[in-house]
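Residue numbers (this note's numbering), protein chains in the order written: chain P, 1 to 113; chain W, 1 to 110.
For the record, the hints were derived by calculation from the structure and aren't laboratory data. Hints may contain errors.
Lysine-lysine pairs mimicking BS3-like chemistry, simulated, CA-CA at most 25 Å apart [stated by the list, open to error]: (1) P/83 <-> W/42; (2) W/69 <-> P/42; (3) W/63 <-> P/42; (4) W/102 <-> W/42; (5) W/102 <-> P/83.
Computed from a predicted model, the values in this text were never measured in an experiment.
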Amino acid sequence: EPEVTQTPSHQVTQMGQEVILRCVPISNHLYFYWYRQILGQKVEFLVSFYNNEISEKSEIFDDQFSVERPDGSNFTLKIRSTKLEDSAMYFCASSDRGVVEQYFGPGTRLTVT
Amino acid sequence: EDQVTQSPEALRLQEGESSSLNCSYTVSGLRGLFWYRQDPGKGPEFLFTLYSAGEEKEKERLKATLTKKESFLHITAPKPEDSATYLCAVQAGRDDKIIFGKGTRLHILP
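Construct the complete structure from the given sequences, taking the supplied hints into account.
And the structure:
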């Protein structure tokens, strides 16, 4: 069964460093999303991406964040200068029908020290 | 402000003991309500989408229902493998984003 994959599974970085989180969505999907989940809190929407551009973004997704689909298979989230409060689980999701039926990856745990 | 509230926060049931989880929402212009299951350390797993009041969907021991103010996830004769956190989320307005509730942690005792 096709699935969304994410790498790395765990990333530890120092405050102020740049990180890139990588996702490989399901191959025929056209809608891509990033979410984060701070430990013990709710899942929060960050950004949606369709047709090679951002379609929606939340207040969390400020200038420190960017997304890219560098080739036909990868979808990346870059955090330019990490802060302690960026520590969270980051989930990528993809869909062939928009938000109505999203398939999530296993997540990348980001720890900022 | 759009809000999604799930109750209870946690629920322990004996195997075979049916129950319901609640998701109440206050949003302007509901476009869809979604249920997900999340196992520890993993991403949410899609279960159902509901679009309009009165709609019901079923999958194995799970049945989701929707009214104008809330949704219920009914679990019939649960098994230990149904233990997980169940998340509710809504899409409202013209946005292509969804708002999640905090989830209900369900634990089924053998």
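Hints, one by one, checked against the model:
Between residue 83 of chain P and residue 42 of chain W, the direct Cα distance comes to roughly 24 Å. Compliance with the 25 Å bound is thereby established for this hinted pair. This hinted pair checks out: residue 69 of chain W and residue 42 of chain P have alpha carbons roughly 20 Å apart, not beyond 25 Å. Of the supplied pair hints, the one linking residue 63 of chain W and residue 42 of chain P holds, its CA atoms being roughly 23 Å apart against a limit of 25 Å. Our distance criterion of 25 Å between C-alpha atoms is met by residue 102 of chain W and residue 42 of chain W, whose separation comes to about 15 Å.
Taking the CA atoms of residue 102 of chain W and residue 83 of chain P, the gap is about 24 Å. The hint holds against a cut of 25 Å.
Consistency with the previously given hints is maintained throughout, with no hint failing.
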